[in-house]
Amino acid sequence: MAEMKTGAEIVLECLVREGVEVMFGYPGGANLPIYDALNFYPQIHHVLTRHEQGATHAADGYARVTGKVGVAMATSGPGATNMVTGIATAKMDSSPIVCITGQVGTSAIGGDAFQETDVTGVTLPVTKHNYLVTDVKELAYTIKEAFYIARTGRPGPVLIDIPKDVQNAKCEFVYPEEPIDLPGYHPAERATDEQVARALALINAAKKPVILAGRGILLSGATRQVLEMAEKGNIPITCTLLGLGGIPASHPLNMGMMGMHGEAAANHAIQEADLLLAFGMRFDDRVTGKLATYSPNSKKIHIDIDASELNKNVRVDVAINADLKVVLEQFNGDVEAIDRAEWLGAIREWQEDSSQRDIINTDDGIFRAAQAIFDVWRFSKDNNPVVVSDVGQHQMLEAQYFKHEKPHTLVTSGGLGTMGFSLPAAIGARFGTPQEREVWVIVGDGSIQMTLMELMTAVQENSNINICILNNGYLGMVRQWQQLFYDERYAETPILSPDYIKLAEAYGVQGMRVTNRDDTFAALEEARKHNGPTLIEFVVEQHDMVYPMVPAGADLHQMIRRPAK
Amino acid sequence: MKQTLIALVEDKPGVLNRVASLFRRRNFNIESLAVGHSETPGISRMTIVTDEEEKLRRNVVRENLLKLINVIDVDDVTEQPKVVRETALIKVRADATKRAEIMNIADIYRARIVDVATESLIVEITGDSGKIKSMADLLRPFGIIEMARTGALAMTRGVVTPRDTANYAKYAANGNGSI
Ligand SMILES: Cc1ncc(C[n+]2csc(CCOP(=O)(O)OP(=O)(O)O)c2C)c(N)n1
Ligand SMILES: [Mg+2]
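Chains A and B, in that order, give the protein sequences. Just so we're aligned, residue 1 is where the first sequence starts under the numbering used here, counting upward by one. Just so we're aligned, residue 1001 is where the second sequence starts under the numbering used here, counting upward by one.
Derived by calculation from the structure, the hints in this document are not laboratory data. These numbers come from a predicted model, not from an experiment. We put the CB at the ideal spot given by N, CA and C, even for glycine. You may find that some hints are simply not true.
Said to hold, decoys possible - Far from chain A, by Cβ distances over 10 angstroms, these chain B residues were calculated: (1) 1009; (2) 1014; (3) 1017; (4) 1021; (5) 1056; (6) 1060; (7) 1063; (8) 1067; (9) 1068; (10) 1069; (11) 1073; (12) 1108; (13) 1129; (14) 1140; (15) 1148.
Unchecked claim - Computed, partial: chain B to chain A, Cβ under 8 angstroms: (16) 1012; (17) 1018; (18) 1070; (19) 1072; (20) 1075; (21) 1078; (22) 1097; (23) 1144.
As the list claims (entries may be wrong) - Derived pair list, reagent style BS3-like, types lysine-lysine, alpha-carbon separation capped at 30 angstroms: (24) A:137 / A:208; (25) A:502 / A:207; (26) A:208 / A:529; (27) A:137 / B:1012; (28) A:144 / A:208; (29) B:1131 / A:144; (30) A:299 / B:1012; (31) A:144 / A:170; (32) A:290 / B:1131; (33) A:232 / A:406; (34) B:1055 / B:1067; (35) A:529 / A:502; (36) A:290 / A:207; (37) A:170 / A:137; (38) B:1133 / B:1098; (39) B:1067 / A:137; (40) B:1067 / B:1002.
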C-alpha cells in the first residue's frame, strides 16, 4: 500500500517532482499546513517576499530567465488578491507561473468566512487556467496538470486554490506518472504543407520583407532558426520589446525595437514593406500605431502558437497556428538566398537619418537617464548580464540603449506595463541566473516606490542584484504625455523620493548617489565589487523625453522626433 | 448570418462561467446560449449564437473558445445546413371571449396550449427564432403576460463527421478537480 500523506505534503512532493528548487511566498492562516510541511522539504528553498505581489513577480522573473515554471504561494483572501497584479502581468507576457493559494475550509466556502475570497472567480480572466481542489485525492494530478498547462503551448499563469481541510486531509499518495492528456488542450505544432508552400512563395517573391520578432521566438527556442533564415534571405529584423535579445542587437540585419518608442528606421521599414513576417508576436497597439494605416502595402504571414491571436488585430494573408521553430524547420532551407541590396540600402539611409536622436553624444553637461543606462550597458556588457527593467521612460530608454546580445537577458513587464515589477522580478531572476552573471535593475523613482519593501527580501536572501534608480523627480512617462498632449499641465506627476542613501543604510544595503556622468563607472565598479544588493541613485535630468514617439492612435511612421538642435 | 457555434465542453462546475466570462472580457456578444447534456456522459453541449457575422472575426471567437482548457471542441455551423430550434412558453391574457382566437393562431404555428386558466393561456411553441418572433408579434395585442425562451439549439443535418465522443468519455471518468 502506498504511503499516506496529507494534502500539504502532497503539494510539496509534487513540487519536488516538478524540479522546483525555489518558491516565493507568504504564509497565513489558510496555508499554514503547507508551510508547516515545508519544514520537512529542505530541498525547496522558500523566499519570504514582503508582499504577495512581489512573490508573483519573483516567480515570473525566475520563469523568464530559466524557461522553467516559477512558483508563488499565498494565503486566502488578501494574500490571494494581492497576487492578481502579478498574475495578470505573467498572463500578458506569456510567463509560466503556478500560484498556490490557501482557501478557507470546503464547508465554509460561500459563507463569507474570515479571509474568504472567491479566488478562482477573481483570477479567472487573468489566468490561463485555474482550479479549486475540493478532494485531496485529486491534488497530485491537478498540480501536475497545472505545471503542464503553465509551461506548454502559449505559457501562462495557472492558479491552484486549496482549502485548508484539503491540505490537512490524508490519502494514499501515488504520483501520477502517466503523461498529462487533456481532451480540450492540444498545443499546436506543425504547419500544413500548403501553408509552408504559400509562405515560402511569398517570402521568395518579396522585395522588401521585414521580420517582426516577438517573445515567441524566445519561447519557441527559435532564435537561431530566425537568424539563419534572415541571413540567407537578407531579411531585416525588428523586435518587439519582449523580443529584444532574441536577435543580437549588434547584428547588421537587426534594426532594433519597433513601435511607439521604437527605432524610426524599423517603423519606416514596416510601413514600406511588401511582406511582414510576424513571428510569435501579437500586433499589440503599442507596436502597430493606427491599424487602418499599418503597413498598408504588405502581404502578411503570421506564425503563432496561439490561434486566437491570428487575425485578431491585423488581417493576414497566411495565418499559421504552430510552433515557430517547427515551422521554420519545415521551411527546410527553402528560403532563397537573395541579396535584397536595394531594400537594405534604403533601411541604412533611414538608420543614418535617425542617428540624430543619439543622446549619448550630446555633450551639454546635462546628465540624462539615457546616458546612465548607456553607461550601465558599456560597463556590464562583457558580463552578459540580465537586466530587469521597470515601467516608464527608463524602460523605453533601456530598450533603446542597452544592447541585448543574448536571449533571456531582458526581463520587463511589456503587455501589462506593471510599475513595481522590476525589484521583485530581479530577486526571482537572480535565483535563475548563474552567480557569475550580474543582475542589473533599471528602475524609475516612481516604480521603485511601488514595491520598495522587497528591498528587505533582497537583503534577507543576500541577493546579488544592482539596483539603478533613475531619479528624475517625476512619473516621467506620464509627464511626457502631459507635456505633449496636455499643454504641460503636470497633474500629480512630480514625485518625491526618500533619501535613498539613508534608506539603503536603514535596510543594510550599500547605497550610492551619482549626480554627474563622470562618476557613473566608479559607482558601477563599487556595485560590482559588493556581494549582495546594492542601490545606485542616478539623479538625472527631470524633463527629458523619450524619442522617437508615435502618439497613441497615430500612423506608425508619424513619429515625433527629437527636435533638431 | 449570425454566428452559430456548437461547443462540447467538460461537464464540470464553473465551465459555463468560463465561457460567459470569455465572451464578456473579449467583448463578444452572446445572443443566446443553451446548455445541457450531450450524448456522452461527462460532456455538455452548448449552442451559442453570437452577433459576429464576418468570417475572420467568427474564427477569432471560435479560437478563443477553444483556448479554454475545458472546451473540447467547437464547430462553427453558421454556414452549414442545420436544424435550429428554440422553445418558448408564452403566457397570454385571454378570457373566454379571446380563447378561440388565440387557439387558432396557435394552431397555425403548430404551437400547443399547455395551460388554461380563467384569465390566461400558456402557449408552447417550438421553431426557429423567426417563427417564435412572428407568433409573439401576433399574440402581443392580446397582452403577453410573460415569455420564457430556451435559446437556440442547433444540429447539423445528415451525418457530417461523427465526433469521437466515446473517446472523450474516458476523460470524463478521470475527475481532476477543475472548477
Ligand atoms: C501600476 C501602474 N500604475 C500606473 C502606471 C502608469 N504609468 C506608466 S509609466 C508611469 C511613470 C513611471 O515613473 P517612473 O518609475 O519614475 O519612471 P520614469 O518614466 O520617470 O522613467 C506611470 C505612472 C503603470 N504603468 N503601472
Ligand atoms: Mg521617474
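Here's how the hints hold up against the structure:
The claim that residue 1009 of chain B lies off the interface is violated: its Cβ sits roughly 8 angstroms from the closest Cβ of chain A, which falls inside the 10 angstroms cut-off. The non-interface label for residue 1014 of chain B is inconsistent with chain A: the shortest C-beta to C-beta separation is roughly 7 angstroms, within 10 angstroms. Listed as outside the interface, residue 1017 of chain B is inconsistent with that label: its C-beta sits roughly 7 angstroms from the nearest C-beta of chain A, within the 10 angstroms cut-off. A Cβ of chain A approaches the Cβ of residue 1021 of chain B within 10 angstroms, the least distance being about 5 angstroms, so the stated non-interface status is violated.
Here residue 1056 of chain B does not stay apart from chain A, with its beta-carbon only about 5 angstroms from theirs, under the 10 angstroms limit. Not every C-beta of chain A lies more than 10 angstroms from that of residue 1060 of chain B, the closest at about 5 angstroms, which undercuts listing it as non-interface. Non-interface call for residue 1063 of chain B relative to chain A: violated, since the shortest CB-CB distance, roughly 4 angstroms, does not exceed 10 angstroms. Consistency note on residue 1067 of chain B: stated as away from chain A, yet its beta-carbon is not over 10 angstroms from all of that chain's, at 5 angstroms minimum.
Not every C-beta of chain A lies more than 10 angstroms from that of residue 1068 of chain B, the closest at about 7 angstroms, which undercuts listing it as non-interface. The claim that residue 1069 of chain B lies off the interface is violated: its Cβ sits roughly 5 angstroms from the closest Cβ of chain A, which falls inside the 10 angstroms cut-off. Remark: the non-interface label on residue 1073 of chain B conflicts with the geometry, its nearest Cβ contact in chain A lying 8 angstroms away (cut-off 10 angstroms). For residue 1108 of chain B, the requirement that its beta carbon stay farther than 10 angstroms from each beta carbon of chain A is met, with the minimum near 44 angstroms.
Distance to chain A confirms residue 1129 of chain B as a non-interface residue, since its nearest Cβ pair spans about 28 angstroms, more than 10 angstroms. The claim that residue 1140 of chain B is not at the interface with chain A holds, since no C-beta of that chain comes within 10 angstroms of its own (minimum 39 angstroms). Separation of residue 1148 of chain B from chain A is adequate, the least Cβ-Cβ distance of about 28 angstroms exceeding the 10 angstroms criterion. Residue-level restraint check for residue 1012 of chain B is violated (minimum Cβ-Cβ distance to chain A is 10 angstroms; threshold 8 angstroms).
Here the hint on residue 1018 of chain B is kept, as its CB sits about 7 angstroms from the closest CB of chain A, short of 8 angstroms. With a cut of 8 angstroms, the hint placing residue 1070 of chain B at the interface with chain A holds, because the nearest CB-to-CB distance is about 6 angstroms. Interface hint at residue 1072 of chain B: satisfied, since its Cβ lies 4 angstroms from the closest Cβ of chain A, which is below the 8 angstroms cut-off. Against a cut-off of 8 angstroms between C-beta atoms, the interface hint on residue 1075 of chain B is violated, since the closest Cβ of chain A lies about 14 angstroms away.
At about 16 angstroms, the closest approach between the beta carbon of residue 1078 of chain B and any beta carbon in chain A exceeds 8 angstroms, and the interface hint on this residue is violated. This hint is violated: residue 1097 of chain B has a C-beta 51 angstroms from the nearest C-beta of chain A, more than the 8 angstroms allowed. Hint status for residue 1144 of chain B relative to chain A: violated, with the closest Cβ pair at about 36 angstroms, above 8 angstroms. At roughly 58 angstroms between alpha-carbon atoms, residue 137 of chain A and residue 208 of chain A are farther apart than 30 angstroms, so this suggested pair is violated.
Taken as a hint, the residue 502 of chain A and residue 207 of chain A pair is broken in the structure, with Cα atoms around 59 angstroms apart against an allowance of 30 angstroms. Note on residue 208 of chain A and residue 529 of chain A: the hinted pairing is violated, with a Cα-Cα distance of about 48 angstroms set against a maximum of 30 angstroms. At roughly 17 angstroms between alpha-carbon atoms, residue 137 of chain A and residue 1012 of chain B fall within 30 angstroms of each other, so this suggested pair holds. Of the supplied pair hints, the one linking residue 144 of chain A and residue 208 of chain A is violated, its CA atoms being roughly 46 angstroms apart against a limit of 30 angstroms.
About 50 angstroms separates the Cα atoms of residue 1131 of chain B and residue 144 of chain A, which puts this hinted pair outside 30 angstroms; it is violated. At most 30 angstroms may separate the alpha-carbon atoms for a hinted pair to count; residue 299 of chain A and residue 1012 of chain B exceed this at roughly 43 angstroms. At most 30 angstroms may separate the alpha-carbon atoms for a hinted pair to count; residue 144 of chain A and residue 170 of chain A meet this at roughly 18 angstroms. Among the hinted pairs, residue 290 of chain A with residue 1131 of chain B is inconsistent with the structure: their alpha-carbon atoms are about 44 angstroms apart, more than 30 angstroms.
Restraint check for residue 232 of chain A and residue 406 of chain A: satisfied, since their Cα atoms lie roughly 20 angstroms apart, inside the 30 angstroms limit. With a C-alpha separation of about 18 angstroms, the suggested pairing of residue 1055 of chain B with residue 1067 of chain B holds against the 30 angstroms cut-off. The straight-line distance between the Cα atoms of residue 529 of chain A and residue 502 of chain A is roughly 20 angstroms, inside the 30 angstroms bound, and the hint therefore holds. The straight-line distance between the Cα atoms of residue 290 of chain A and residue 207 of chain A is roughly 24 angstroms, inside the 30 angstroms bound, and the hint therefore holds.
A C-alpha spacing of about 9 angstroms is found between residue 170 of chain A and residue 137 of chain A, which places the hinted pair at or below 30 angstroms, so the restraint holds. Distance check on the hinted pair: residue 1133 of chain B and residue 1098 of chain B sit about 21 angstroms apart at the alpha-carbon level, within 30 angstroms; holds. The suggested pairing of residue 1067 of chain B with residue 137 of chain A holds, with an alpha-carbon distance near 27 angstroms, which does not exceed 30 angstroms. Restraint check: the Cα-Cα separation between residue 1067 of chain B and residue 1002 of chain B comes to about 22 angstroms, which is no more than 30 angstroms; the hinted pair holds.
Figure legend: structure checked against the earlier numbered hints; hints not met, in rising order: 1, 2, 3, 4, 5, 6, 7, 8, 9, 10, 11, 16, 20, 21, 22, 23, 24, 25, 26, 28, 29, 30 and 32.
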